[in-house]
Amino acid sequence: MNTRGLRSQLKDSVPVTGLCPQAGSYGVQDSLRRGFSSVKNELLPSHPLELSEKNFQLNQDKMNFNTLRNIQGLHAPLKLQMEYRAARQIQRLPFLPSSNLALDTLRGTDDSIGFEDILNDPVLSEIMGDPHIMTEYKLGVL
Amino acid sequence: MLNTSTKTLTGGFSFENTRRNAVLEANLSEKGYSAPNARKTGTTIAGLIFKDGVILGADTRATDDMVVADKNCMKIHYIAPKIYCCGAGVAADAEVTTQMMSSNVELHSLSTGRPPLVAMVTRQLKQMLFRYQGHIGSSLIVGGVDINGPQLYSIYPHGSYDKLPFLTMGTVTFSLPPFFEQTQSEQNLEEAKQLVRDAITAGIFCDLGSGSNVDLCVITEKTVDYLRAYDQPVQKGLREGTYRYKPGTTAVLTKTVTPLTLDVVDESVQVMDTE
Numbered sequence: 063m064n065t066r067g068l069r070s071q072l073k074d075s076v077p078v079t080g081l082c083p084q085a086g087s088y089g090v091q092d093s094l095r096r097g098f099s100s101v102k103n104e105l106l107p108s109h110p111l112e113l114s115e116k117n118f119q120l121n122q123d124k125m126n127f128n129t130l131r132n133i134q135g136l137h138a139p140l141k142l143q144m145e146y147r148a149a150r151q152i153q154r155l156p157f158l159p160s161s162n163l164a165l166d167t168l169r170g171t172d173d174s175i176g177f178e179d180i181l182n183d184p185v186l187s188e189i190m191g192d193p194h195i196m197t198e199y200k201l202g203v204l
Numbered sequence: 668m669l670n671t672s673t674k675t676l677t678g679g680f681s682f683e684n685t686r687r688n689a690v691l692e693a694n695l696s697e698k699g700y701s702a703p704n705a706r707k708t709g710t711t712i713a714g715l716i717f718k719d720g721v722i723l724g725a726d727t728r729a730t731d732d733m734v735v736a737d738k739n740c741m742k743i744h745y746i747a748p749k750i751y752c753c754g755a756g757v758a759a760d761a762e763v764t765t766q767m768m769s770s771n772v773e774l775h776s777l778s779t780g781r782p783p784l785v786a787m788v789t790r791q792l793k794q795m796l797f798r799y800q801g802h803i804g805s806s807l808i809v810g811g812v813d814i815n816g817p818q819l820y821s822i823y824p825h826g827s828y829d830k831l832p833f834l835t836m837g838t839v840t841f842s843l844p845p846f847f848e849q850t851q852s853e854q855n856l857e858e859a860k861q862l863v864r865d866a867i868t869a870g871i872f873c874d875l876g877s878g879s880n881v882d883l884c885v886i887t888e889k890t891v892d893y894l895r896a897y898d899q900p901v902q903k904g905l906r907e908g909t910y911r912y913k914p915g916t917t918a919v920l921t922k923t924v925t926p927l928t929l930d931v932v933d934e935s936v937q938v939m940d941t942e
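Protein chains in written order, with the working numbering: chain R, 63 to 204; chain P, 668 to 942.
Among the hints, a few may not be true.
Here are the in silico distance ranges between beta carbons for each label pair [as the list claims (entries may be wrong)]: (1) P/Met-733 - R/Ser-108: 28 to 38 Å; (2) P/Arg-686 - R/Asp-166: 30 to 40 Å; (3) P/Met-939 - R/Arg-154: 50 to 60 Å; (4) R/Gln-119 - P/Pro-844: 37 to 47 Å; (5) P/Lys-889 - R/Arg-154: 49 to 59 Å; (6) R/Asp-166 - P/Leu-831: 29 to 39 Å; (7) R/Arg-154 - P/Met-733: 44 to 54 Å; (8) P/Met-741 - R/Asn-182: 25 to 35 Å; (9) P/Asn-855 - R/Asn-126: 39 to 49 Å; (10) R/Asp-166 - P/Asn-815: 27 to 37 Å; (11) P/Leu-831 - R/Ile-175: 22 to 32 Å; (12) R/Leu-140 - P/His-825: 30 to 40 Å.
Subject to a maximum C-alpha distance of 25 Å in a straight line, what follows is the list of computed DMTMM-like cross-link-like pairs (lysine to aspartate or glutamate) [claimed, not checked]: (13) P/Lys-903 - P/Asp-865; (14) P/Lys-793 - R/Glu-112; (15) P/Lys-793 - P/Glu-762; (16) P/Lys-793 - R/Asp-173; (17) R/Lys-116 - R/Glu-188; (18) P/Lys-793 - R/Asp-172; (19) P/Lys-830 - P/Glu-858; (20) P/Lys-793 - R/Glu-115; (21) P/Lys-793 - R/Asp-179; (22) P/Lys-903 - P/Asp-731; (23) R/Lys-116 - P/Glu-683; (24) P/Lys-793 - R/Asp-166; (25) P/Lys-793 - R/Asp-123; (26) P/Lys-738 - P/Asp-874; (27) P/Lys-738 - P/Asp-892; (28) R/Lys-116 - R/Glu-145; (29) P/Lys-793 - R/Glu-178.
These stretches of chain P come out as covered by chain R in the derived footprint (C-beta under 8 Å, 3 or more residues) [unchecked claim]: (30) 680 to 693; (31) 768 to 781; (32) 796 to 806.
Since the hints were derived computationally from the structure, they do not count as laboratory data. For every residue, glycine included, the Cβ atom is placed at its ideal position computed from N, Cα and C.
Bound-form chain R, shown alone (with noise of 0.2 Å):
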């Protein structure tokens, strides 16, 4: 795969809701389950950091991904994608937390702690998501 492609994962905003097409069921934007929105809130981060931290392993990905073909060649990174797809695939239910084990090795974030450990772990959450409704997103059926 193309690493270049990586970019057009990156999100440059936060995502639009009442222009996307795929806002809710009759192509409007759906207040139930997205909450209110105006355009200000939609187009620009709330916070310098907000967009910053949600691209940041992506960019890693990218930065390293980018390296490894310059010094070893196009085979290094595409494996290593190759394996990083395989195990993100491996999850539990949509709406349970599941604890990415396999990704967690391959990316060596198994044997450090940062922020995204301590704070706001999904395991703690409050709130769940409903199980009918997720896992029919999931499988496209909504």
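Take the given structure of chain R and dock chain P to it, following the hints.
Leaving out everything else, chain P in the frame of chain R:
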């Protein structure tokens, strides 16, 4: 909350409330109030390399704007058996940063099988602080002894670092270096301790944000000495007078004694159910 119904949850910082907080602060300041400020450690911290190792020194006052929040807080944090870190800036940021770093260092040294290097601690700290672009407001002095000898690094909130034989940070950064420029690297332990103590005392007397006691931490190849309250340059004032009255000050005019006679009316025994 509604719009997270179909998203997968991730850990880390959540920016959901930043807009709400900005609106709240704007409303408050219209009425003349202000939002609470983070507790800072307006601080004097210093470090010095001497003949056998490293000495770190710090004062012990934490302030909430203009009020002393903690008279005896610990600013020298443990990172590894031979590596300690002084933290200045926002107290909570320094505390959490050093705790996370201590865990990371332990994991790393378990996976490499070697004792940690001070340079490794510095690198991880500066990469993390740069990632958050200075929003984590903690300035740190990392000092320790490892396979390469005694080392001292200072790290600023935005992620820059310095490696020097003597360092000072905190609110009095600019008045202390003259002390340390008298230092020679082959000083012995007592002279070095005296020098750091003098420097921190100067900070305590000359800066409103620093006060109370001087803490020292002496790290050498063989031992670590954490000298909490090594010196107390400022004593609380003694009360000269007393408000207590001597017994007999109030004259007794009359005295009446009424004995209460009590008869036993009924006696019953209730067994406690201890099963």
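**OP:** Please count how many residues of the segment 768 to 781 of chain P have a CB within 8 Å of a CB from chain R and say whether that reaches 3.
**Re:** holds (count 6)
**OP:** Measure nothing beyond the straight line between the CA atoms of R/Lys-116 and R/Glu-145; if it is 25 Å or shorter, mark the hint as holding.
**Re:** holds (22 Å)
**OP:** Sort out whether R/Glu-178 lies within 25 Å of P/Lys-793, counting only the CA atoms.
**Re:** Holds - the C-alpha atoms of R/Glu-178 and P/Lys-793 are around 18 Å apart, at most 25 Å.
Subject >> Three-residue Cβ test at 8 Å for the coverage of the segment 796 to 806 of chain P by chain R >> reply: holds (count 4)
Original post:
Do the alpha carbons of P/Lys-793 and R/Asp-179 lie within 25 Å of each other, as the hint requires?
Top reply: Holds. P/Lys-793 to R/Asp-179 sits at ~19 Å (cutoff 25 Å).
Original post:
Range hint 49 to 59 Å: satisfied by the CB atoms of P/Lys-889 and R/Arg-154?
Top reply: holds (51 Å)
Original post:
Per the hint of 27 to 37 Å, is the separation of the Cβ atoms of R/Asp-166 and P/Asn-815 within bounds?
Top reply: holds (31 Å)
Subject >> Range hint 44 to 54 Å (beta carbons of R/Arg-154 and P/Met-733) holds or violated >> reply: holds (52 Å)
Subject >> Given pair status - P/Asp-731, P/Lys-903, alpha carbons within 25 Å >> reply: holds (21 Å)
Original post:
Is P/Lys-793 within 25 Å of R/Glu-115, Cα to Cα?
Top reply: Satisfied, since the Cα-Cα distance of roughly 17 Å is no more than 25 Å.
Subject >> Range agreement (Cβ of R/Asn-182 with Cβ of P/Met-741, hint 25 to 35 Å) >> reply: holds (28 Å)
Original post:
Would the pair R/Lys-116 and P/Glu-683 pass a check requiring their Cα atoms to be no farther apart than 25 Å?
Top reply: Roughly 13 Å separates the two Cα atoms, so the pair holds.
Comparing the model with each earlier hint shows no violations; every hint is respected.
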